[in-house]
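Chains as they are written, first to last, in the working numbering: chain F, 360 to 534; chain L, 360 to 534.
Hints were generated in silico from the structure; no laboratory data involved.
It should be emphasised that the depicted structure is a prediction, and the values quoted were computed from it without experimental measurement.
Warning: the hint list may mix true and false statements.
Same chains, same label: a pair holds when it works inside one copy or across any pair of copies.
Lysine to aspartate or glutamate pairs mimicking EDC-like chemistry, simulated, CA-CA at most 20 Å apart [said to hold, decoys possible]:
| id | residue 1 | residue 2 |
| --- | --- | --- |
| 1 | K461 | E509 |
| 2 | K525 | E451 |
| 3 | K518 | D481 |
| 4 | K508 | E451 |
| 5 | K529 | E423 |
| 6 | K427 | E413 |
| 7 | K508 | D455 |
| 8 | K434 | D391 |
| 9 | K529 | E470 |
| 10 | K375 | E470 |
| 11 | K528 | D455 |
| 12 | K508 | D391 |
Protein chains: 2
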Amino acid sequence: MKVYVLRLGHRIGRDKRVSTHCGLVSRAFGADGIIYAGEYDPHMMDSVKRVSKEWGGSFSIRYEKSWKNFVKAWKKKAGKVVHLTMYGVPIERKIDEIRNCKRLLVVVGGEKVPPEVYEIADFNISVTNQPHSEIAALAIFLDRYFQGKELKKTFRNAKKKIVPQKRGKKVIEHK
Amino acid sequence: MKVYVLRLGHRIGRDKRVSTHCGLVSRAFGADGIIYAGEYDPHMMDSVKRVSKEWGGSFSIRYEKSWKNFVKAWKKKAGKVVHLTMYGVPIERKIDEIRNCKRLLVVVGGEKVPPEVYEIADFNISVTNQPHSEIAALAIFLDRYFQGKELKKTFRNAKKKIVPQKRGKKVIEHK
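Extracted from the complex, chain F is given alone in its bound form:
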């Protein structure tokens, strides 16, 4: 199973934190990597890379100048494409079918999603038909795809690890 996330239309400054959150959520919820499109923002990508290095696992982060070429190449290699959009078909109706796709690209948009995205996607999927957040939609999508197992995922070679506490913070650091 390979699941990657494509974050469309990043804008330096304005989208910094939302795009960072998209990367961190992708990693924490079990995706294999994130591809950023839009404006090239090495600082933002570095912050995701730093977290990934400290907290372990083998999550990949990279930039792609042409999202369209990337998606076309992905589909040629028998990959499927899910576009998360509030206008799409409710996730509950499609998730079992989508779970059969073993190479999946999950596309999350920014403010303005090009109309072609709706055409090129194999599935346009909504997480509620209400306006909310691409970060939340991504988290719920991955949660349903991995059926909650992602919450227990462990990350290899972590330098930092949390020991859950009722109160306060406990972090073990491996140097």
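We have chain F already, so just place chain L on it with the hints.
Same frame as chain F, now just chain L:
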């Protein structure tokens, strides 16, 4: 059942979009309202109010100068407090117990959460022990609390309503 969200430590500018997303996710995933603390930011709150007015329901949005007084008053009225933090006890272990609380305040922090929050909370709960996003943590928490039913929630008096589509967008507008 009453569920409110308290967003701590909002900062004008830097947190605008993340705080807006917290509000929209709270609404879309079935909470009754959000209380913002930190810097007073009527523009940010207005953007959540506008969505709420257009898309229906009775979600409340307000500002609270002292989060501490608010939480104390909440607890006096037999309300319970859940603080979402990556350092806390995994949600899977506690959600059934938390679901028995019928008046719930879900606290989500910003960058710096005062240590007292960990003390005053009845539950410090993690959604994975990995660094990711308060928006994602909030979405997953509400999803588990409402057991997925929130995805089918309908909103009364909506001026706009989406008709889910395989491709493209369809919105019905009531004037």
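Checklist line | Homo-oligomer pair classification [E470, K529; C-alpha up to 20 Å] | finding: between (38 Å within a copy, 18 Å between copies)
Margin query: I want to check one pair: K525 and E451. Are their C-alpha atoms no more than 20 Å apart within a copy, between two copies, both, or neither?
Written below: between (33 Å within a copy, 14 Å between copies)
Check: For K508 vs D391, is the C-alpha pair at or below 20 Å within one copy, between two copies, both, or neither?
Finding: within (15 Å within a copy, 29 Å between copies)
Margin query: With identical chains, the pair K375 and E470 could be close in the same copy or across copies; at 20 Å between alpha carbons, which is it: within, between, both, or neither?
Written below: both (13 Å within a copy, 15 Å between copies)
Check: Checking K508 and E451: alpha-carbon separation at most 20 Å within a copy, between copies, both or neither?
Finding: Answer is both: 17 Å inside a copy and 11 Å across each meet the 20 Å cutoff.
Check: When no copy is specified for K529 and E423, does a C-alpha distance of 20 Å or less occur within a copy, between copies, both, or neither?
Finding: Neither, since 37 Å and 30 Å both go past 20 Å.
Next item on the list: Indicate which option fits the pair K461, E509 if close means a Cα-Cα distance not exceeding 20 Å: within, between, both or neither.
Entry: within (16 Å within a copy, 28 Å between copies)
Note to self: I want to check one pair: K528 and D455. Are their C-alpha atoms no more than 20 Å apart within a copy, between two copies, both, or neither?
What the structure shows: neither (38 Å within a copy, 23 Å between copies)
Note to self: At most 20 Å between CA atoms: does that hold for K518 and D481 within a copy, between copies, both, or neither?
What the structure shows: neither (38 Å within a copy, 30 Å between copies)
Check: Quick one: K434 to D391, C-alpha cut-off 20 Å, is that within a copy, between copies, both, or neither?
Finding: within (17 Å within a copy, 42 Å between copies)
Check: Given a CA cutoff of 20 Å, do K427 and E413 count as a within-copy pair, a between-copy pair, both, or neither?
Finding: Intra 32 Å, inter 33 Å, cutoff 20 Å: neither.
Item checked: Alpha-carbon proximity between K508 and D455, which holds within one copy, between copies, both or neither at 20 Å -> This pair counts as both: shortest intra-copy Cα distance 15 Å, inter-copy 18 Å.
The structure fails to meet hints 3, 5, 6, 11 from the earlier list, while all remaining hints are met.
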